[in-house]
Amino acid sequence: MFFLLGVAARLAKSDLKLPEALYETLSIYLLLAIGLKGGIELARQPLLQVAPQAIGVILMGCALPMLAYPILRRLGGLSQANAASIAGHYGSVSVVTFAVATAYLVKRNIAFESYMPLFVALLEVPGIVVGILLARLHQNRDIAWPALAHEIFLGKSVVLLGGGLLIGWVSGPAGIDPMGGLFFDLFKGVLALFLLEMGLVAASRIADLRRAGWFLLGFGVIIPIIFAGIGVCVGRAMGLSIGGMAVLGALAASASYIAAPAAMRIAIPEANPTLSIGAALGITFPFNITLGIPLYLQFAHWLEQLLPR
Amino acid sequence: MFFLLGVAARLAKSDLKLPEALYETLSIYLLLAIGLKGGIELARQPLLQVAPQAIGVILMGCALPMLAYPILRRLGGLSQANAASIAGHYGSVSVVTFAVATAYLVKRNIAFESYMPLFVALLEVPGIVVGILLARLHQNRDIAWPALAHEIFLGKSVVLLGGGLLIGWVSGPAGIDPMGGLFFDLFKGVLALFLLEMGLVAASRIADLRRAGWFLLGFGVIIPIIFAGIGVCVGRAMGLSIGGMAVLGALAASASYIAAPAAMRIAIPEANPTLSIGAALGITFPFNITLGIPLYLQFAHWLEQLLPR
Amino acid sequence: MFFLLGVAARLAKSDLKLPEALYETLSIYLLLAIGLKGGIELARQPLLQVAPQAIGVILMGCALPMLAYPILRRLGGLSQANAASIAGHYGSVSVVTFAVATAYLVKRNIAFESYMPLFVALLEVPGIVVGILLARLHQNRDIAWPALAHEIFLGKSVVLLGGGLLIGWVSGPAGIDPMGGLFFDLFKGVLALFLLEMGLVAASRIADLRRAGWFLLGFGVIIPIIFAGIGVCVGRAMGLSIGGMAVLGALAASASYIAAPAAMRIAIPEANPTLSIGAALGITFPFNITLGIPLYLQFAHWLEQLLPR
Amino acid sequence: MQTFEKKLLVVICESALEKLLVRDIKRLGAHGYTVMDVRGGGAHSTREADWEGNRSIRMEIICTIDAADAIAEHVLNKYCANFSVSMFLADVAVLRPEKF
Amino acid sequence: MQTFEKKLLVVICESALEKLLVRDIKRLGAHGYTVMDVRGGGAHSTREADWEGNRSIRMEIICTIDAADAIAEHVLNKYCANFSVSMFLADVAVLRPEKF
Amino acid sequence: MQTFEKKLLVVICESALEKLLVRDIKRLGAHGYTVMDVRGGGAHSTREADWEGNRSIRMEIICTIDAADAIAEHVLNKYCANFSVSMFLADVAVLRPEKF
Ligand SMILES: Nc1ncnc2c1ncn2[C@@H]1O[C@H](COP(=O)(O)O)[C@@H](O)[C@H]1O
Ligand SMILES: Nc1ncnc2c1ncn2[C@@H]1O[C@H](COP(=O)(O)O)[C@@H](O)[C@H]1O
Ligand SMILES: Nc1ncnc2c1ncn2[C@@H]1O[C@H](COP(=O)(O)O)[C@@H](O)[C@H]1O
Ligand code: NA
Ligand code: NA
Ligand code: NA
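Residue numbers (our numbering), protein chains in the order written: chain S, -10 to 298; chain P, -10 to 298; chain R, -10 to 298; chain C, 207 to 306; chain B, 207 to 306; chain E, 207 to 306.
A couple of the hints might just be wrong.
What the hints assert, rightly or not - Facing chain S, a subset of chain E residues (Cβ under 8 Å, in silico):
| hint | residue |
| --- | --- |
| 1 | Ala222 |
| 2 | Ala255 |
| 3 | Trp257 |
| 4 | Glu258 |
| 5 | Gly259 |
What the hints assert, rightly or not - DEER-style ranges, computed between Cβ atoms:
| hint | chain 1 | residue 1 | chain 2 | residue 2 | range |
| --- | --- | --- | --- | --- | --- |
| 6 | R | Val159 | P | Gln294 | 30 to 36 Å |
| 7 | P | Arg199 | B | Arg302 | 26 to 32 Å |
| 8 | S | Ala138 | R | Val159 | 33 to 39 Å |
Think of the hints as simulated: they come from the structure by calculation, not from any bench.
Note that beta-carbon positions come from the ideal geometry of N, C-alpha and C, so glycine has one too.
Assemble the whole structure, with the sequences as input and the hints as a guide.
Structure, rendered in structure tokens:
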């Protein structure tokens, strides 16, 4: 709803504009709050049980961009740089899509593994790294890995999400609860506000897409559906609940628009950010948070019926 | 209280200054929160019952600036542009005055029609439009209506208030409640903070008024009282409760300082914003939120005694 | 925890950066919220009982910089300007240290005088004034006291803290409670966020200290301990509870990094802000909120055992 | 390194004019512009940017001498009577003349 | 279009000086000024504007050559010893000479 | 008052380049720099600064003619192909030549 209001306001060329500092603040808040929540839940889990799942998730994060890359190269006819960059964006994840997916499940009373923010943190980086490697494949140019690693692992989103996870994990529920007034009670409202802002931003990316052509439009809808299918299957293989499968599907389907663009701009400067961001933010993000997530939950239900445990 | 702190700090030339982005954020918050609340309540009302009231309110919004204009021209000796611009400001409404008025009634346990935010949204625009028409009267110059309509209807305050109303109305209480932590529980506190900022701003407008002379000072106090009287009577005619009459009185008495200045600056550039904003923000706003609102409630009581239902 | 995350992020040269407006907003919030809370509690106290304590606290605030100054001059070999400026910083207080100290006590269920925010407000100014006087001692240059008084008494922190106290005191619990959703429920969370930001800032001050040398490093740790001892004793003499003694110790130990730097920069421009801020923010603040506060509570316990009432 | 002469036109004005100026300068031959939020004071009053009616912007336009003249004259005639506007022109050198 | 020669004086300094500068330049003959918040680095240190003690401003003053000289000299003597300050002067042209 | 000729180099570009530029210019002989956040439009697109991928900065470097040339050429060769960048140079005068 708020997202649509943002889209509508922007398309109608309204003057509405959230201050930059508010955008920053909301995004910092969401990352920290999701991290803290995940950390608290992680503290309740035996780590040994989570570890294999974590590895599975990372492997998935590496595999997805390798899948996307040839499609972008062959079918889309994109340059190596552009294909690699877009693959990296879709290999990484969107925190807001995650938040919307979990809110959707909570509203429907469908349980999911509450430590899943850990997976979000784990999925942010591998996709980006693989994307960069794909760009440098067959190229003699060296990659300045130390600088890049710095850019990727110490970017805002990884630090806040990871930091939140760590703090939540170390402090446990008792330590974080007094801050619940800020970090948990306001979460839904802040998410709504952020979606309003994302609507404004996403709508302004649509113009970019006109130039990008039909291929990216199709890519931005079909790839998330395929990736979600993979995510749901991986989730099943890891023994996640139905809700967990749906969330992992949504994560796989989502494309990064915070960490990836920042890293790619530096690592693959030849890639045109208009294409990757236009697709991730102008098509895939809106698709996921409206039609995608219910569909991915459906996927999980189907798989469960197909393969009862 | 917070308003007075702001005024005092500014008059004492304190360094205190809220960041611009905070001001923006608070004002976005208030507009959205008021809209959402009104929308939820609207969802509970039969629309047919509200419709005639809505029309009455719009008519009042058109009539008030026509009343103010001749006073400003004749008694005040102001130019056509200035008189029309000021009339437009006073024909439109102030959202914060509305918020203070409802808080005042809630504190005194006086009921009022909870869908009144709808009236705020409806009252924003007509006053401005009439003000612009008054400025262009007897002038050959054409008005670029499409551009103007855009400016007026898609300004920040109309979009947020209207968008909030719509979302609240469509989603209903169940949809909005999870966001209540942000949009409702914090409302009073945010309003207090915003009043602190408004105190800083209003106090800095007082210097402007010295130049503007005694006429505007009197205008800024007497017109709200007259308009409030009209508003209370209109409320009575529409069958509002005592609280509702008082709120409508406060709305009629209030002068816009967000939507109107922005629209007028573009539509009537010859008008001196110092005069209109000085009066609206430097006199009328402080008067309304301190002495005005209690007085307007008194008006409602008097009218009720005079004309028992 | 959040503080450490901030320090770590900065030392690792992460891109993480809170927007300036958020920093401002958090600091305005903390000052107001602490002031309001103190004001409400003050309304519950007979003023006559608090008055002598207030005077004692002010005297302590004047005495502390006089103690620090000779140490800085003789042992540290600093110039008059630098010694005076640093003495002024340490004579004044840090609001965030206060907030952390009280949160620490609340968590341990140790009672303290709830009107202590008053002492924070009272302690801000005297240390700065004495620091400035020390700088001008033996100098013929006149001090522009009116301008300075303005700078000191009308700085952001004094206005917000004092204003909050006043509003809380006048309105009482009934008046402020409706705003509790913003000002009290969110307090812990906002404090955590602010500590994250302080971690980022403090870590960036560490580089400055390398240049400043070992003396300041020792000074920044030892002086707080001594001052805390004095604060605890003064608290005992004034009849404060154990918790109150510990808080007063923490206040004495803390060094100002909002009010003092701003005032000193104008009043003692020859002083190098790198030294004073580096010590206050890079050493003393981290020391206090980690090791210091538990130690000062210990001091209070020891004193209580030594001199049972 | 070869450089080419262009004009830099700076317009400092109320933010209400931003949208209008962007539209106008494109029509008058500018290929781009840069805007920043500022505060300031001048003949009219002190604009502290503490509130939406009180904000100012500073727009910087690098363009040909002719375009700079045209824009400056247009702004002077159209806006200076009713709005707070300051303008100045300076000579600058650029490396890619076709860009401006 | 007729233009008139003026000086543009730009002072980049700690924000603590803003109020003082506004007061001083008026006394020294400037009719107006424009301020923006900046960050930067120089001889003293890197000022990242991440915290109130670390903010910088950039003040722009269009004025007569004499006023520019007077202000520049005043700032040099009064503030440059103890504060982070950078200054430069440039020739600019304005349309309304009486305004500056 | 004696003044000394220097160059002012202004680079307007995507904020992603800020860190890289700061590193590069120091190497190429600049003693300092000033950065501000801006928005704008040009050949590539309109950069409204409404979102992190869409922010621009304006970096101002006062330096010797040689350093200005070196930096301008470096930026042109290294970044202009793949990033949104505008640059211009202007003559300025400073009071303390050793500082820049
Ligand atoms: N002499 C000046 N130097 C620099 N900026 C100025 C000057 N005069 C005016 N300004 C700027 O232009 C805006 C409008 O000026 P004015 O129309 O004179 O009030 C002011 O708010 C300042 O930001
Ligand atoms: N060469 C330069 N070019 C542009 N700005 C500079 C230069 N040197 C210093 N600055 C600015 O002036 C401020 C103070 O400089 P400094 O006193 O050299 O530390 C810095 O924070 C920069 O913002
Ligand atoms: N003619 C111009 N005058 C002033 N700024 C410009 C101009 N052209 C471009 N810019 C700025 O430089 C940035 C990049 O320009 P471009 O690479 O042309 O898209 C734009 O976002 C503007 O902020
Ligand atoms: Na993905
Ligand atoms: Na009205
Ligand atoms: Na102290």
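Subject >> Hints violated by the structure (listed by number, smallest first) >> reply: 8
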